[in-house]
Every structure is written in C-alpha cells, then in structure tokens.
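Asker: Got chain A; can you put chains B, C and D on it based on the hints?
Chain order of the listed sequences is A, B, C and D.
Residue numbers for the first sequence follow the numbering used here, so the first one is 1 and each next one is one higher.
Residue numbers for the second sequence follow the numbering used here, so the first one is 1 and each next one is one higher.
Residue numbers for the third sequence follow the numbering used here, so the first one is 1 and each next one is one higher.
Residue numbers for the fourth sequence follow the numbering used here, so the first one is 1 and each next one is one higher.
Derived by calculation from the structure, the hints in this document are not laboratory data.
Some clues are possibly wrong.
As the list claims (entries may be wrong) - Derived, one-sided and incomplete: chain A residues facing chain C with beta-carbon distance under 8 Å: (1) Tyr-124; (2) Gln-219; (3) Ala-221; (4) Asp-226; (5) Thr-324.
Said to hold, decoys possible - What follows is a list of derived Cβ distance ranges for each label pair: (6) B:Val-58 x A:Asp-128: 37 to 43 Å; (7) B:Val-58 x C:Pro-602: 44 to 50 Å; (8) C:Ala-628 x A:Ile-107: 32 to 38 Å; (9) B:Val-76 x C:Pro-502: 30 to 36 Å; (10) D:Thr-140 x C:Pro-602: 54 to 60 Å; (11) C:Gly-317 x A:Glu-385: 38 to 44 Å.
Quick caveat: nothing in here was measured; it's all calculated off a predicted structure.
A virtual CB, placed ideally from N, CA and C, is assigned to each residue, including glycine.
The chain contents come next:
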Amino acid sequence: MHRGSTGGRRRTLTRLVTLLALIVLAGGFLLPVVGAQSPYSTISPQSPQAEDIQWLYRLVFWLALAVFVGVQIAIVYAVLRYRRRSNDERPEPIHGNKNLEIIWTVIPAIILLIIFIPTVRTIYAHADQVENGNFTVEVYAKQWWWEIHYADDTGEAAGVVTANDIVVPQGKDVVFKLYSNNVIHSFWVPQLSGKLDVMPGHENKLPITTENVGMYFGQCAEYCGDSHALMRFKVIVQPQEEFDAWATAWKAGPSEASAEFVADGDIAKVPEAFGLCLACHQVEGTNAAFAPEGLDEEAVTDTGDMGPAKFAGPNLSLMGCRTTIGAGILPNTPENMAKWLEDPGAIKPGVYMGEVIEKGTLNDEQIQQLVNYLESLKPAEGCSEIPVQPGVEEQVMPSNP
Amino acid sequence: MTDHAMHAPAEDHGQEHLSDATYIKIALLLVVITAVEVAIYYVDWFHTSGTLVPALAVLSLVKFITVISYYMHLKVDDPRYRYIFVCGLILAGLIVAALAALMRTHKIDYALRFITGA
Amino acid sequence: MASIAHQPQIVPQPVTTTKPATGIWSWLTTIDHKRIGLMYGISAFFFLLLGGFEALLIRAQLAQPENDLISAQRYNELFTMHGTTMIFLALMPLTSGFFNYVMPLQIGARDVAFPRLNAFSLWVFIFGAIIINISWFFNEAPNQGWYGYAPLTGTAWSPGRNVDFWMIGIQVLGVASMAASFNFVVTIFNLRAPGMKMMRLPIFTWSTLIVSIMIIFAFPAITVALLLLSFDRYAGTGFYEVAAGGDPLLWQHLFWVFGHPEVYILILPAFGIISEIIPVFSRKPLFGYSVMVYATIAIAFLGFGVWAHHMFTVGLGPTANAVFAGATMLIGIPTGVKIFNWVGTMFRGSLRFTTAMLFAVGLVSQFVIGGLSGVMHAVVPVDAQQNDTYFIIAHFHYVLFGGTVFGLLAGIYFWGPKAFGKMFDERIGKWHFWLTFVGFNLTFFPMHFLGLAGMPRRYFTYAEDSGWGPWNAVVSFGALVLGFSFLVFLYNIYKMVRHGEPAGDDPWDAATLEWAISSPPPAYNFAVIPTVTHRDQLWWDKYGDEHGHAHVQNDDVPKTAEIQREANAAHPHVHLPNPSYFPLLAAAGLGTFALGMLFMNPAITIGLLHLPVLVIVGVALLIFSVYAWAFEPAG
Amino acid sequence: MAQAVATLEHAHGAGDIPHAADHADHPPSSTGLDSRKLLMWLFLASDCMFFGSLIAMYMIYRGDAERMFLAGQGAGPVPHEILDIPYTSISAFVLLMSSLTMVLALASIQRGNHRGLRIWLGATAALGLVFMGGQFYEFTAFYHEGLGLTTNIFSNSFFVLTGFHGAHVTIGIIWLISLVIVSLRGGLRQDQAMNVEIAGLYWHFVDIVWIVIFTLVYLIPYDDVTTITEGAEHALRFIGLG
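Next up, chain A with everything else stripped away, as it sits in the complex:
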C-alpha cells in the first residue's frame, strides 16, 4: 500500500480530530447542565431517591460519553485518513481479526457490568423503601387531575381528601400509593423521584423521603386522553407544625368567613349556585357530600360505563388555599376562577366539567357568587405560606392569593 501520508496531512488530521473531540466534550458538558433550570428538571434532585438516580445517571452518562468520543474519533480518523486517493488503489482485503473482535466484545461487556451492578442495587434499595414508609398518601389519578387521600399513619391528616396540591410534612419516609379507576396515568415529580405509572387494577407504591421544605412540580407522564398535557400537580413539603395546622383547618371545615353562605333548605353552608356543582364536588363540613371519591367501584355500571365515577370532580375543601385551578394549569386567582367557571371546556379540552357547564350555563352573578364562595374556603387564620422550589434558579412563583 502506498500512501502519501506527509507530515502536513498528519497535522491536519490531528487538528481535526482534536477539534472534534473538543466539540464533543463541550456538548457532553452541556448535557448534564442544560435543563437543570426547569421546574420539572430531572437533574436537580431534592430527595435521597432522586439523588440515587442522579448518581446513576452521571455514571452511565460519562461512560457513554467516553464510548461516544472513542467511536466518533475512530470514524473521523478513518474518514480522513483512508479517503480514496486514486482509482487504481485496491486495499488489502482484511476479512477480520479475531483478537480485535474479542476485545471489542469484552470491553463493552465489562462496561455494562459496571453499570448493571449499581443499577440492581438501586432497584432493590428503592423497593425496600416502599416497605419502610412512615407516612402514606393515596393518590387517585383521574382524567385529568389528582385526588389525594391521607392514610391512617398521617397523624392529623388521616382522612383528609384534597386535590392536585399534595401537602406533606418534612422529614418523612412518604409512600405514595397510586390508584386509578379509569385509564393509565403516571405520577411524576422529577425533583423528588422517577415516575411510576398509575395502573388500573394495580396498587403501585412510590417511596419519597421529604428532606427539604419546598414546592415541587409534578405532572402526568403517561398519555391519558385529551388533556393529558394539562394534568399537573405539586408536592408541597412543609414543616410538621404547618402541615398539622393545615390538616386541622381542613377538618374544621369552612371558617366564619364563609358563614354568609349558609343557605336555605337541605344544603347547608353552600351558595345556591353551588347546587349544580354538588353532583361532582364535595366540601368538608358542609352538606355537599354526594360526589364519589377514590376508586368508586360501586359507581361502575353493568355496561362497563364509569357512570358518576367518570365525572366526579375534586374535593373543594380549603379551595381558597390551593395554588392552582384545573390541575395546575391556572394560578388560583379570582379572575382565573371566574374564567374557569365561565367555560372550563375552553381552558381544558375534554374536561367533564365542560359537559355540565358550557359558556352561558352560569350567569355573571352566579359566577361571582361561586368565586366569592370558593375563594373564601380557607382557614380563619389564612393559608400557610407556600415554600419556594429549591434547586431551580428561575423560580416559578406560586400564585397563592
């Protein structure tokens, strides 16, 4: 083989390879950094579980980058070095090389083993944590919002039912039990843990240890129909005292502030316009307690139709303290609430509330009455402060009224 591989050509080659390596390295450094600023960032962990994942991600990322750079350099080198110089050249027919092929079978195998061992250890570690929780939150995923029930081991909060804002005390080994009576959803708070699907007919459990006070953004990660993209939630980690106060207030029901809404007849403590809402919504401490909650197995009809269970809406107790309306899509302000009540289907495509309330169903007066009522659903001493989101520079400020 005769090649004019002069020194000049060699130098060009070296330069190009170096350049390529630099570009690749720059890109590689970009990868773990970029995206860390989103409120849904998967790489700014705030719980031990998320930290474990981050550690594994770093390990596999750097190994992958090393392999990537190696292969790309080999390709670029071959492309530059062995370009055809003349039509007459006919390289030696090399059919293979046993040693080389063994080497590049064994090395990847070793790399994969390096990844496999900590992977399995983490899998089992997290599986064990499921069994050792000391605070159980039951999450019922609906189309398209989240219903939250507090189990017996939650102290003050046992029996509390809320939606979309999951308040939990700091320093607990929380186990989220996930249920669905409709389609598959996926429960995901990227800063706190990986996602876990909510499978109808199954009980999935996700352990999260609440280390840092803060507000963490969650969202549905498994396609679940029209408004899959509009199914957000928050996990709000508060100091134990604040959490207890919140739970007590929830049980106490509407405060004096909403006493003016004590209405006539059978339905106590809700305004007249709320009559339409009763089929689907409950408010603790009032007579509004018809709507099915949880899995609602009895609500499933013989034809397999979900019946009332399909349409049941969030429990509205302490609505005035929720951060958002419509499962995380609008900040909870009186203006947004009025907008929502006017035509929910326009804001959230396919939402069942839109089948009951269309534009014009409620007049302005009724809307105002409902807004006043809903915003009044808060403890007498006011809502507790919503903490900020740690680990993220660009703060998405919670819009707590």
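Answerer: Chains B, C and D alone, transformed into the frame defined by chain A:
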C-alpha cells in the same frame, strides 16, 4: 443451518413411510394416554398429593411429542423442519411462561380488592 | 461521476425476448418481485412524506409555549398517526421494498418462492394503509397513541371509531407483513443459486432472513392482542377491563412482545444495507463477516427477551425490572460489535464518499448516539426519570431516523441506479446528505435537553414557565430544515428519472450478484442462473483472490457478468409465470371484509353500515379469489 | 382473523409453483426441501406464537372467575360448575382419531391408492365435523346455563381460546373437503401427495393444540393449589427470578 446449496438438486419426497399398522398402534397409544389422563382426574389421591398437574403435564407432553414425531413425521423427516418448528415452540413456550409469571404476581389480590370493594 | 474510471462503461444489451408489459393493468397483476418492490417503495415513500408532514404539524404546534394552532384532539390524532404511519406504513414497507427488489437478485433467483403471495402482501399492505388513513376523512383519526395502551382504547374511554380504524388497520397490515415474511424466508432457504451457501449470503440477505423470521414470531403476539381488543370493543368482553376481571397490563405485555422485536425489525434492514455499502466504497470486504451474522442473530434472539424494558415504570417489581435491565444491556454487546466492525471495514480501506457512503457512515456515527442513550434507559432508575419524556423521543429517533432512515436513504442512493438504470446527481446528493444530517441533529439532539428538563411526550401544549420554550423553538426549526432536505431529495429523484446519466451494470464496482446484470434488470433477472464460488463473487471475478492486491485478473474462470451478458445476447427464452389478478382480488376481499368489520362496531352505527353487508361481500370475494388462485395454473 | 386468512393463503399457495416454469438450469430448491412444506412448517412455528399468546392469556385469567366465586363475587357459572370432562374427553378422542385417518389418507396417496385417499380424507373431515358439532353443542349448552361470551373473565377467555381453535379446525375441514373434491375430479395425482401432506401437517397441528387445550382448560382443576401458572412461578422462584 446445514447447507445443501452445493448439492445436486434433490426433490423432497417426504418422509420414509411408516406402515399403517404402526399408525394405528400409535393411535391406540394416544387413546390410552387420554384415557389415563381422564382417569387420574377422578382419583382423589392425585388431587390431594399435588401430583395431578405434573402427571397431566407429562402425559400430554408425551401425546404432543408422539403426534409431531410420527403423524407429522418430524422424527423421520428432514431435521431442518424440526429445527424450525421446535424453534417456534420453544420461543412460544418461554414467552408464555414469562408472561404468566410476570402477570400473576401482581394482579390477583388487587383485582379481588377492586372487585369486592374490600 | 457515473462510474469508476477504470471500469469500462457497459451499455446494457437490448433484451428482446421478454419485453416487459406496460400499462396500469400490468402493474396491478404483476407478480414480478422487482415491480412489487418498486410499488412497495413508492407507496411507502409517499407515507414517509405524509408521516413527515404530520411531524411538521406537531412541531408547528410545539414551536412555542401555550400555542393554540392545533386542538388537543387533533394533536393527539397527529402524534398517533405520525407513529403509526412511520412504523407500519413507511419504514416497514420501505424495507420490504428493498427485500423484494434486492434480495432475490442477491441470491441469484428469478423471483421469490411464491410470487403471487408476494403480490398479495403488497396489496394487503395498500388496503391496510388506506383503511388507517381514511379515518382522516371521517374526522375520526386514531388518537390513542401508536402503542394503544388499554384501557384508554376501551369503549368507555374511546367511544368513537378512532381506535377501530387503528385496530383493524394494523391487523390487516399484520397479514401483509406475515405473508411477505414467510415468502422471504422460504426464498432465502430454497432459491439460492448453486454455490450460494448460507455463509456466502450477502449480509443484506442475512438481514432479510433474520428480520423475516422475527416478523413471523413477533406478529402473532400483536395479532392476539388486537383480537382481544376487538372482542372488548365489539362484543363487550373484558380482557383489558379491570371491572370485568381483566387487566390492562396484559395488553402492554402482548404489545411489547411484538413491539420490541419490531424495533429490530426496523433497524436490522438498515444495518444490512450499510453492511453492503461500506465494503463497496471502502473496496474492502466486510470486516468480520461471520461475527456480523452471529451478531445479527444474537440481536434478534435477545430482542425477544427484553420487551419489559418498555414497562420499567408500570411497577413490575424489582426482580422483573432487574432481569430485563440485564437482558437489555446484553443487547448492547452485539450491537457494539456491529459498529466496531463497520469502522474496522473502513480502516485501511480506500474510501470513496458517494452519497450512499455518506449516509452509511452517517448511520454508523449517529446510531451510536441512539445506542448509548438506549443503554441509559436500561438503567431502570434512570429510565424512571427519562421514560415518556423527550429524552426517549430523542433516543428512538436517533435509532429510527439516524439509523433506519439514513440506512434506507443510503440504500436508495446505492440501488436506485440498479432499479432505474440511471445515476443520481451526486452533487445534489451531497447537499441532501448534509442538509439531512444538520436538520436531523438540530431536530433531535435538543430533545435530550428537553427530556432532561422534564418535558413529557404526547403533550399538546406546555406552560410558559416550564422553561421548555427555547429548545422547542430550535427543534421546530430543525424540523423545517429536515423537511426541506426531503424537498431536495424529491428534486434529486426527479432529476435522476428525467436526466440521470445511464448507470451501466455495475456503477459502484460492487461485489454482489445484482451488479452482474443490466440496470434495470430484465424481467427474468438472470439469463442463466449464476454459479457462486465465493462470497463477494463479482470482486472475485474482477480481481481474483477477492480483489487481492496483486490485481491479477483470473482469466481462466468465467466471469458471472460476462456469462450473463452473453446469455442475454443469445435471447434466452426464459418462461416466466403468468401475471395474476387474484392476489389483488383476494387483498380487496380482505380489505372489504376489514372495512365492513370497522363499521360494524355495535356502539357506533351510521345508516345501514352496521349491517354485515361489506363483511359478507369481502369474505365471498376472498374465498372466491383464494380458490381461483389455487386452481389457476402458475405458468 | 389474520391467522385464519394467512392459513388459507398459504394453504392455497399450493398452486403457487414459481419455478415449475423454470428451465432445468435452476435447482428446484437449494436445501432440497419442498418450498410449500417449508412454508407450512414456518407457518406452524408462527402459529405456536399465536396459540401461545392466547394460552398465556388463558393462564393469566384462568381461575380468576373461580376466585371471585369463592369470594362470593363475580357473575355466572365458573369452570368447576360447568366444564363437562367426560363429554370433552370424547371430543378429544374424536380429534385424535382424525389425526389417524389423516395420516392414513397421506399413506394412501403415497401408495397411489386414490380411493383410500378419498375415504380417509372424508373420514378426517367427518371427524372434524363431529368435533365442531361437539363444540357447537358445548357452547350452546353453556349459553343456556348462563355462561355467555361476556359473562365473566373465565367465559371471555374460554370462548376466545377454544373458539379460535375451532376456527382453525373449520378451515381445516374446508381444506380437506376441497382436497376430496379435487381428487374426485382427478386433480390429485400420486406425485402430488405433497398437497395432502401439507394439509395433514396443518390438521395434526390443530390436533396437538387441542391436546394442550384439553389438559389446560378441562383437566387441570381450578381449585387446585398448584395450577400450571403457579407451578411456573415456583419454578421461577426456584431459579431465583420469582
């Protein structure tokens, strides 16, 4: 895959012939096994000792293998047919076992809970 | 440009014996694998453009946060149809086009083993594609995702006919894929030219064989999954309904038992294509041929044992997750071997960068990214963060676009001259490659960042404060570039068809049998069936000792290409099987039957369409055609 | 359905003889194997996956209706109340006998005995019809006892699994009758025994599927502690995967 590409073209004349009498004997064997299968179902001992399922599994496996070996001629026919079929059979068997095992461990209790509202 | 300088320009000999029939009827009744391959290719290319158009609409909607260009419902239809179209209507049939056109030529056969069954496959594919796509005209396009997870596909959550179009369409396409695959396997086993031992098979033919076997074993699982779904939707059973005692997880298992092998069904043909191209343009035999074959077999085998890695977040339990993680990582080894062997082929070679070679090397380079992110997803806890985010979208587009599409484009540039007898414009080809390369990376690389920033898939909108806006804008711009690159490609095809230089028999100085005959090949392919004495037979013919460095022409041995030329010049009377319209009729019967079933969903009736009229007509037509076909003399 | 159609297609791909038209310069087959027979074996291997998936489904749901019954829940009759083992044993016997007649039919044509071929083919088809009649009667009886397709998860999986087996048998019967008619019209020569052999392979396959179904659906009791699935679970646990 054995390679015959270099060989002179050969016609596939099918398998060596077994005699009709052999086929009838095999049928008798199959009938007897089936009868035994049904019979042991009615013997309580097999139920109580937990040997029923293994016994049935073995007996039907024998039937299965007998039919494919003799009636479908896999025993005497070109081995490559055997490779193809056994390949599919093993793959299907492994996937059935894996699916059954994977599904089983999860659903029963919760499904019951869901249905019964427990 | 058209051919290599030292290679004498070979003007195709006029073939007068069997003049190919022309006219639309001849195409509808053809059983010629080359014409069937072309029709597969052209229809699949149409669907590739359609799927690309759907992708552009998706990107238009996501270009900025809280965009309201496309409604949620429409968006959900678009992403479902984009996935379904690309997988079942574009990539699979495109590979099938290559299998059909190239494989019989590579093994020195006159046609496939069952030419009429082959035509049947094509027409069933066309009818299946039509069934899925006419849903747009009913404004009921499938909207449940290409993977159709139960129970969203149940009547309680999808009361419309959207799911029915998808369910029945895929079922029909399954028939097409299975029929074609049986045919290919038998063809490769039985119709090899004398001397073409299994370990002399061109590597692309090996891919065809393995992929066909995978289809044969993978499709029954989705057939059953879809049948159970049909019973749930049409008859009221509860296989996937928890309330009825069923379990939606069963769907996921059955679907992915098919779905994961499907990924390899899509990528292995591209691997096969570039395994032909890289050696030709490196003038060096494939490095480690037998290892490549075993690696392909290993990938195919392991591919059946890793399906649950699509289900790491459904809660299978730690043991199942750990086992499937291990199996998934194991697949990385044979895949890595393939990458290294391609690079090994290029080392010490004499590389010529035609457009085909550029796409082939592009595949090697870009697929690595998809492969490595695939290993990341095998790490179960990491997958729990990345699953169902844009990181996954980035990953599988690096596999299916950077892998499969690059490979298929390379194949079109490589075998296009064989099929059309004309050369592509290499200058435009290079523009096409670089535009594709840049557009592709601009589109899909930032999706990694979006995934890390927590953007889930299948979101028709996202909030302003999510921070995903800027990268989405970049991605959408990249998609435009990518779309433009396809316009360049279309222009290049147009230019080739209208003004391309004649290709000659062997424009690339290639090694496999298809280059020993004219471009385009005569209807009967080989005037005499060639005899094969070596792997890379034509290189042996041309350069002796498999193009040993001595450049010794081995003049004593008759050369395959010369034999073909002489035999052709002698006007061979090759008797070809007659064309038949029964495959088309049978496919039409099946299509009518399927369409009838579609409108028989008892939950949704329009007019008299729920009566089984179409079903009866379809079945009658099918039975008639099958009998007519069986008793029709073959030739 | 896909499978059924594919079967028909392949079955009647019998007329599809591509290289009959070729000159002697093309070997009929590089492996020495008959293309159509190879196709049938490939199809049967694939059909293993088809029935495998259905059987997996059955194994997963098998017993669930029974458990609901024990829990005082669920609708309709459950397996132990309704399955009639003596009756189905006769069906299984009939199908086994049809395998014998099928293989005798093949032996006949290979010897050039056309009359024997028709008699045995006819007998096979007739036994198949008896089997199908039995299945029809069984389905009807179940329906009258309150077990329809949609009654419970057991009935769902039972009817679908055995129904698809029945569909395979039906296609086989049509195929066999077609062969008898072709033979009567003199269209089946001794050297075309392959046509019968391929039909026979299909028919025997249908028989072996029934061997599995008979054991799995009818014989293995639903209230037994050790079901096959749980056996598989034990096995997996034993090798450390459970």
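Asker: Hint by hint, say whether it matches the structure.
Answerer: How the hints compare with the structure:
For Tyr-124 (chain A), the suggested interface contact is upheld, since its CB lies about 5 Å from the closest CB of chain C, less than 8 Å. Nearest Cβ of chain C to the Cβ of Gln-219 (chain A): about 6 Å, under the 8 Å cut. The hint holds. Checking Ala-221 (chain A) against chain C: minimum C-beta separation of about 5 Å stays under 8 Å; hint holds. Hint status for Asp-226 (chain A) relative to chain C: holds, with the closest Cβ pair at about 5 Å, below 8 Å.
Using the Cβ-Cβ criterion of 8 Å, the hint placing Thr-324 (chain A) at the interface with chain C is not satisfied: the shortest such distance is roughly 10 Å. Between Val-58 (chain B) and Asp-128 (chain A) the C-beta distance comes to about 40 Å, which sits within the given range of 37 to 43 Å. A C-beta distance of roughly 45 Å is found between Val-58 (chain B) and Pro-602 (chain C), which places it inside the suggested range of 44 to 50 Å. Separation of Ala-628 (chain C) from Ile-107 (chain A) is about 59 Å and departs from the stated range, judged on CB atoms against 32 to 38 Å.
The supplied range of 30 to 36 Å is broken by Val-76 (chain B) and Pro-502 (chain C), whose beta-carbon atoms lie about 55 Å from each other. Between Thr-140 (chain D) and Pro-602 (chain C) the CB atoms are about 22 Å apart, so this pair departs from the stated range of 54 to 60 Å. Under the hint 38 to 44 Å, the C-beta atoms of Gly-317 (chain C) and Glu-385 (chain A), about 40 Å apart, fit the expected range.
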